[in-house]
Amino acid sequence: MDKQNFDEIYLNLFLEETKEQIQNMEEKFLMFEQGNHEQDIVNEIFRLAHSIKGSAAVMEYETMAQLSHNIENLLDKIRDKKIIADNEVMDVLFECIDLLKNMHATIKLGNIPNIDISHILSKINAIIFSAEREKKSKCDNTNHDVDDDKTLDQEELELTEEEKILCEDVEFDLYTYKIRIMLDENSQMKCIKGFMLIRNLSSICNIIKCDPPDFEKLSDNEFDGIINVIATSKENYESVNKKIHTISEIKDIYIKKVREKGKKDQQIENKRIIKNKKSVENSTHLKKDSTIRIDTIKIDKLLNLVGEFIVDKETLNQLALELKEKYKHEPLINKFLNLIPHLSYIGSELQEAVMSTRMLSLDNVFNRFPRMVRDLSKRCGKSLEFTIEGKETEVDKEIIEELVDPLTHIIRNAIDHGLEYPQERRVSGKCETGTLKLSGRHEGNNVVIEIEDDGRGIDSSKIRKKLLDKGFCTEDKINFLTEKDIIKYIFEPGFSTTDEVNDISGRGVGLDVVKSNIGQLNGIIDIQTKVGKGTKFIIKLPLTLAIVKALLVKEEDYTFAIPVSSIIETLRIKGEEINNSIHKINEVEMFKWRDELIPLIRMNNYFQTNSMQEQNKLFIVVVGYSEKKVALVVERLLNEREIVIKSMSDFIGKNKLFGNVEGISGISILGDGGFAYILDLVHII
Amino acid sequence: MNEKQYVVFTLDNEEYAIDIVKVYEINRLIEFRIFEFPKVPKYIEGIINLRGEVVPIVNIRKKINIQCESLEKGSRILIVNIKGKLIGILVDSVSEVIHLNNSEICEPCEEMKNKYDFITSIGRKDNRVIFILDLQKVLNVE
Numbered sequence: 001m002d003k004q005n006f007d008e009i010y011l012n013l014f015l016e017e018t019k020e021q022i023q024n025m026e027e028k029f030l031m032f033e034q035g036n037h038e039q040d041i042v043n044e045i046f047r048l049a050h051s052i053k054g055s056a057a058v059m060e061y062e063t064m065a066q067l068s069h070n071i072e073n074l075l076d077k078i079r080d081k082k083i084i085a086d087n088e089v090m091d092v093l094f095e096c097i098d099l100l101k102n103m104h105a106t107i108k109l110g111n112i113p114n115i116d117i118s119h120i121l122s123k124i125n126a127i128i129f130s131a132e133r134e135k136k137s138k139c140d141n142t143n144h145d146v147d148d149d150k151t152l153d154q155e156e157l158e159l160t161e162e163e164k165i166l167c168e169d170v171e172f173d174l175y176t177y178k179i180r181i182m183l184d185e186n187s188q189m190k191c192i193k194g195f196m197l198i199r200n201l202s203s204i205c206n207i208i209k210c211d212p213p214d215f216e217k218l219s220d221n222e223f224d225g226i227i228n229v230i231a232t233s234k235e236n237y238e239s240v241n242k243k244i245h246t247i248s249e250i251k252d253i254y255i256k257k258v259r260e261k262g263k264k265d266q267q268i269e270n271k272r273i274i275k276n277k278k279s280v281e282n283s284t285h286l287k288k289d290s291t292i293r294i295d296t297i298k299i300d301k302l303l304n305l306v307g308e309f310i311v312d313k314e315t316l317n318q319l320a321l322e323l324k325e326k327y328k329h330e331p332l333i334n335k336f337l338n339l340i341p342h343l344s345y346i347g348s349e350l351q352e353a354v355m356s357t358r359m360l361s362l363d364n365v366f367n368r369f370p371r372m373v374r375d376l377s378k379r380c381g382k383s384l385e386f387t388i389e390g391k392e393t394e395v396d397k398e399i400i401e402e403l404v405d406p407l408t409h410i411i412r413n414a415i416d417h418g419l420e421y422p423q424e425r426r427v428s429g430k431c432e433t434g435t436l437k438l439s440g441r442h443e444g445n446n447v448v449i450e451i452e453d454d455g456r457g458i459d460s461s462k463i464r465k466k467l468l469d470k471g472f473c474t475e476d477k478i479n480f481l482t483e484k485d486i487i488k489y490i491f492e493p494g495f496s497t498t499d500e501v502n503d504i505s506g507r508g509v510g511l512d513v514v515k516s517n518i519g520q521l522n523g524i525i526d527i528q529t530k531v532g533k534g535t536k537f538i539i540k541l542p543l544t545l546a547i548v549k550a551l552l553v554k555e556e557d558y559t560f561a562i563p564v565s566s567i568i569e570t571l572r573i574k575g576e577e578i579n580n581s582i583h584k585i586n587e588v589e590m591f592k593w594r595d596e597l598i599p600l601i602r603m604n605n606y607f608q609t610n611s612m613q614e615q616n617k618l619f620i621v622v623v624g625y626s627e628k629k630v631a632l633v634v635e636r637l638l639n640e641r642e643i644v645i646k647s648m649s650d651f652i653g654k655n656k657l658f659g660n661v662e663g664i665s666g667i668s669i670l671g672d673g674g675f676a677y678i679l680d681l682v683h684i685i
Numbered sequence: 686m687n688e689k690q691y692v693v694f695t696l697d698n699e700e701y702a703i704d705i706v707k708v709y710e711i712n713r714l715i716e717f718r719i720f721e722f723p724k725v726p727k728y729i730e731g732i733i734n735l736r737g738e739v740v741p742i743v744n745i746r747k748k749i750n751i752q753c754e755s756l757e758k759g760s761r762i763l764i765v766n767i768k769g770k771l772i773g774i775l776v777d778s779v780s781e782v783i784h785l786n787n788s789e790i791c792e793p794c795e796e797m798k799n800k801y802d803f804i805t806s807i808g809r810k811d812n813r814v815i816f817i818l819d820l821q822k823v824l825n826v827e
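Protein sequence lines correspond, in order, to chains Y and F. Position 108 of the first sequence, counting from 1, maps to 108 under our numbering, and the rest follow consecutively. One gets our numbering by counting positions in the second sequence from 1 and adding 685 to each.
Please keep in mind that the hints were generated in silico from the structure rather than gathered at the bench. The model shown is predicted, which means the values in this text are computed figures rather than measured ones. All residues carry an ideal CB built from backbone N, CA and C; glycine is no exception. Hints may be right or wrong, so weigh each one.
[As the list claims (entries may be wrong)] Simulated restraints on C-beta separations:
id, chain 1, residue 1, chain 2, residue 2, range
1, F, 782, Y, 304, 30 to 40 Å
2, F, 727, Y, 115, 57 to 67 Å
3, F, 806, Y, 118, 52 to 62 Å
4, Y, 408, F, 709, 36 to 46 Å
5, F, 709, Y, 477, 43 to 53 Å
6, Y, 330, F, 715, 31 to 41 Å
7, Y, 653, F, 752, 24 to 34 Å
8, F, 709, Y, 304, 13 to 23 Å
[Unchecked claim] Subject to a maximum C-alpha distance of 25 Å in a straight line, what follows is the list of computed BS3-like cross-link-like pairs (lysine-lysine):
id, chain 1, residue 1, chain 2, residue 2
9, Y, 656, F, 727
10, Y, 656, F, 707
11, Y, 298, F, 768
12, F, 748, Y, 656
13, Y, 397, Y, 646
14, Y, 515, Y, 470
15, Y, 298, F, 770
16, Y, 484, Y, 437
17, Y, 437, Y, 28
18, Y, 646, F, 768
19, Y, 301, F, 768
20, F, 800, Y, 656
21, Y, 465, Y, 484
22, F, 727, Y, 646
23, Y, 549, Y, 646
24, Y, 656, F, 822
25, Y, 123, Y, 81
26, Y, 629, Y, 617
27, F, 707, Y, 646
28, Y, 656, F, 747
29, F, 724, Y, 554
30, Y, 397, F, 770
31, F, 724, Y, 646
32, Y, 477, Y, 462
33, F, 768, Y, 656
34, Y, 656, F, 724
35, Y, 515, Y, 628
36, F, 724, Y, 629
37, F, 727, Y, 554
38, Y, 301, Y, 549
39, Y, 656, F, 798
40, Y, 646, F, 770
Given these sequences and hints, build the entire structure.
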């Protein structure tokens, strides 16, 4: 490997790590802003900023390192509660995140991020400066909670430089105290008291430094009664205090917790090798699960190979059946055939395992929305509560990438149009803060994503008016449409009921793109809305598996494949039954299935083949999803097997080579070299 | 760089040419079984299995309205790569690869441009007239 490669590897590593860290930091900022001020969160944010600073410095991205350093400073003050994180501070912090994202993007494109950060730096410094000024004027000096004892000025009880060095190797799960005890001048036996004090303290503390160092050699005349101690302990403030009080005649005690007990690594200005090693160890401990990053090219290659293996496996299965028929008494053949089921099993497991490597949790899409919602609601002047459910739901990687745009659009719509302004909500008796819920879950072989708001709802009368005004529909036609049909018009290109266009929405190019995006994923989008109550968008996507189990059926010379997951039942009816179960209304045929009357579609009609239909015997496959069902009449049932789906979206569609072939969504290459056309049930039904 | 290479093929005794860069492969029709595809336009003969890939076969005669006869045994499938997709076109025969420089290429006349917009230019070499095609226009590939 040449040097070039190494640099690239490190660069990629840097980009991936910092991307995660920046994202993480943003999430934690949001949590912090919403009132979660737990020490854990603050420490985590600090650790992230520090990591980014370190990596940026190593990669020689000076501006990035500098920005991170300043973020660290600001966070440090917030952590020590010297600065309160109000709106102004949070905005500055979010601005920093945006700058970091900017720099990251610049680096990814191969350039050096030399963005001018003086603006943000001065903001940060202004905040820090004003906070310090306030503090100095207050004469405030407490850094611990117990206010029993008097306290000294801050500076006196701070660690001196040399004391800091002494304290560096303190284990991180201990508190560090600087204690000053003043014994009563007039008390007898001060030295002995001092000695006893130190001995008692030692029982719960580790004494790092003590002044005077040795009481045994001291005489009462020399000793002024002031003892300075630096000690570390697992115990908290109160216990230390109590222990000291065991000695009588103490005039004053001053205790200062100079270092918090830290669960994670504490940051100290002095960079010593030992400390740095500790921080590296700690951060690796924090990685919760063991993962590795893989190039998607490698996974796709695996997937292709698995796909081909499946095809061959199926052929083997077929051959095995035929061989079994022919040579059932040959022991050698039987031995050979015994291997086949196991091979089959391995094939299926392999397929499932590789498919699952491509599955990512919806969180990868959902995680960008909290920030967007926050910014957008501020900009629009609306107040809302945003909840996310089901982000662990796993979905194929391709779907994740395609979902970003449609979901972004729908959420923007909800905030911009759906939710009302606080006053409006108050007037209609709703709580001023609106709710917006984004949820995902598995349902059968589908992924269902819902976006629900409790806003204005969609007014079908407004749409009706717009349809007439813009000439989408004529008067008489409109009267035939149901309310649901009318509302579906919002997915038409060029349609928007807002009168003003802003950069968020209103141009009327949004929802139709959403619908086609979802369509490309073979999914469907539906709306449920009620005026005054709210709107819910429901997106259903098939868990696109490139390999599915399907039933092969024959129609004339064509072989069709029906995904088993959509099959409800297969039947054979003959003679009298045919007349009893099939009924004709106008030109539409219906089939009586169990207690329902469902539409009947004859495959030869639908696909315009020329096959002859046997009059006495019919094969029927009942297919469907959710509540919609259809009975398909096929010429012959073949067998059930696993097929590898090859999409035909390149050629099937309006303006494409094949035109709009309704009913076929993909093709599979069968083991014998032929093709099976995969039925597109969404369109058939 | 004023010379380009073209693959020349014949349809109904007329010569046509396409940019060699677009040509992926040339195969004999008899090596493949064309599977029909339901509900497609007439000029789509069907699809073939090209070593694991699904390639549609276009009967170019039907597409550009040349008189069509039944498929000859000697016909060739010219597989072209358009925008990353492989498409096969049925031609009578593939004759050669020729070099044409700027002087040997001229613009089609107005009437031709209107009626047959897929003919981008006309090549003239050794008394031959060769119609140079823009496949993207012929096949309506976006």
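Now the hints, each set against the structure:
1. For residue 782 (chain F) and residue 304 (chain Y), the hinted distance range of 30 to 40 Å is satisfied, since their beta carbons lie about 33 Å from each other.
2. Taking 57 to 67 Å as the suggested C-beta distance range, the pair residue 727 (chain F) and residue 115 (chain Y) conforms, at roughly 59 Å.
3. Between residue 806 (chain F) and residue 118 (chain Y) the CB atoms are about 59 Å apart, so this pair conforms to the stated range of 52 to 62 Å.
4. At roughly 38 Å, the beta-carbon separation of residue 408 (chain Y) and residue 709 (chain F) lies within the given 36 to 46 Å, and the hint holds.
5. The hinted window of 43 to 53 Å between residue 709 (chain F) and residue 477 (chain Y) holds, with their beta carbons roughly 49 Å apart.
6. In this structure, residue 330 (chain Y) and residue 715 (chain F) meet the distance hint of 31 to 41 Å, their C-beta atoms being roughly 38 Å apart.
7. For residue 653 (chain Y) and residue 752 (chain F), the Cβ-Cβ distance of about 30 Å falls inside the hinted range of 24 to 34 Å, so the restraint holds.
8. The given range of 13 to 23 Å is respected by residue 709 (chain F) and residue 304 (chain Y), whose C-beta atoms sit roughly 19 Å from each other.
9. Taking the CA atoms of residue 656 (chain Y) and residue 727 (chain F), the gap is about 14 Å. The hint holds against a cut of 25 Å.
10. Between residue 656 (chain Y) and residue 707 (chain F), the direct Cα distance comes to roughly 19 Å. Compliance with the 25 Å bound is thereby established for this hinted pair.
11. A hinted pair counts as satisfied when its Cα atoms are at most 25 Å apart, and residue 298 (chain Y) with residue 768 (chain F) qualifies at roughly 24 Å.
12. Our distance criterion of 25 Å between C-alpha atoms is met by residue 748 (chain F) and residue 656 (chain Y), whose separation comes to about 14 Å.
13. About 17 Å separates the Cα atoms of residue 397 (chain Y) and residue 646 (chain Y), which keeps this hinted pair within 25 Å; it holds.
14. Of the supplied pair hints, the one linking residue 515 (chain Y) and residue 470 (chain Y) holds, its CA atoms being roughly 21 Å apart against a limit of 25 Å.
15. With a C-alpha separation of about 22 Å, the suggested pairing of residue 298 (chain Y) with residue 770 (chain F) holds against the 25 Å cut-off.
16. This hinted pair checks out: residue 484 (chain Y) and residue 437 (chain Y) have alpha carbons roughly 23 Å apart, not beyond 25 Å.
17. Simply put, residue 437 (chain Y) and residue 28 (chain Y) have alpha-carbon atoms about 20 Å apart, close enough for the 25 Å limit, and the pair holds.
18. The suggested pairing of residue 646 (chain Y) with residue 768 (chain F) holds, with an alpha-carbon distance near 18 Å, which does not exceed 25 Å.
19. Annotation: proposed proximity of residue 301 (chain Y) to residue 768 (chain F) holds, straight-line Cα distance about 22 Å (limit 25 Å).
20. In summary, the hint linking residue 800 (chain F) to residue 656 (chain Y) is supported, as the alpha carbons are separated by about 21 Å, within the 25 Å threshold.
21. Only pairs whose Cα atoms come within 25 Å are accepted, and residue 465 (chain Y) paired with residue 484 (chain Y) is accepted, the gap being roughly 15 Å.
22. At roughly 23 Å between alpha-carbon atoms, residue 727 (chain F) and residue 646 (chain Y) fall within 25 Å of each other, so this suggested pair holds.
23. Taking the CA atoms of residue 549 (chain Y) and residue 646 (chain Y), the gap is about 14 Å. The hint holds against a cut of 25 Å.
24. Distance restraint check for residue 656 (chain Y) and residue 822 (chain F): the Cα-Cα separation of roughly 12 Å lies within the 25 Å cut-off, and the hinted pair is therefore satisfied.
25. Between residue 123 (chain Y) and residue 81 (chain Y), the direct Cα distance comes to roughly 19 Å. Compliance with the 25 Å bound is thereby established for this hinted pair.
26. Distance check on the hinted pair: residue 629 (chain Y) and residue 617 (chain Y) sit about 22 Å apart at the alpha-carbon level, within 25 Å; holds.
27. Distance hint between residue 707 (chain F) and residue 646 (chain Y) is fulfilled; the C-alpha atoms sit about 23 Å from each other, no more than 25 Å.
28. Restraint check for residue 656 (chain Y) and residue 747 (chain F): the C-alpha separation of about 17 Å stays at or below 25 Å, so the hint holds.
29. Straight-line distance between C-alpha atoms of residue 724 (chain F) and residue 554 (chain Y) comes to about 16 Å, which keeps the hinted pair within the 25 Å bound.
30. For the proposed pair residue 397 (chain Y) and residue 770 (chain F), the alpha carbon gap of about 23 Å is at most 25 Å, so the pair holds.
31. Distance check on the hinted pair: residue 724 (chain F) and residue 646 (chain Y) sit about 19 Å apart at the alpha-carbon level, within 25 Å; holds.
32. As the CA atoms of residue 477 (chain Y) and residue 462 (chain Y) are separated by approximately 16 Å, the hinted pair is consistent with the 25 Å bound.
33. Under the criterion of a C-alpha separation no larger than 25 Å, the hint pairing residue 768 (chain F) with residue 656 (chain Y) is consistent with the structure, at around 13 Å.
34. For a cut-off of 25 Å, the pair hint linking residue 656 (chain Y) to residue 724 (chain F) stands: about 14 Å separates their Cα positions.
35. The hinted pair formed by residue 515 (chain Y) and residue 628 (chain Y) meets the criterion: a straight-line CA distance of about 20 Å does not exceed 25 Å.
36. Proposed proximity of residue 724 (chain F) and residue 629 (chain Y) is supported: the alpha carbons are some 23 Å apart, at most 25 Å.
37. With a C-alpha separation of about 22 Å, the suggested pair residue 727 (chain F) and residue 554 (chain Y) falls inside the 25 Å cut-off, and the hint holds.
38. For a cut-off of 25 Å, the pair hint linking residue 301 (chain Y) to residue 549 (chain Y) stands: about 21 Å separates their Cα positions.
39. Simply put, residue 656 (chain Y) and residue 798 (chain F) have alpha-carbon atoms about 23 Å apart, close enough for the 25 Å limit, and the pair holds.
40. Proposed proximity of residue 646 (chain Y) and residue 770 (chain F) is supported: the alpha carbons are some 13 Å apart, at most 25 Å.
Of the numbered hints stated above, none is contradicted by the structure.
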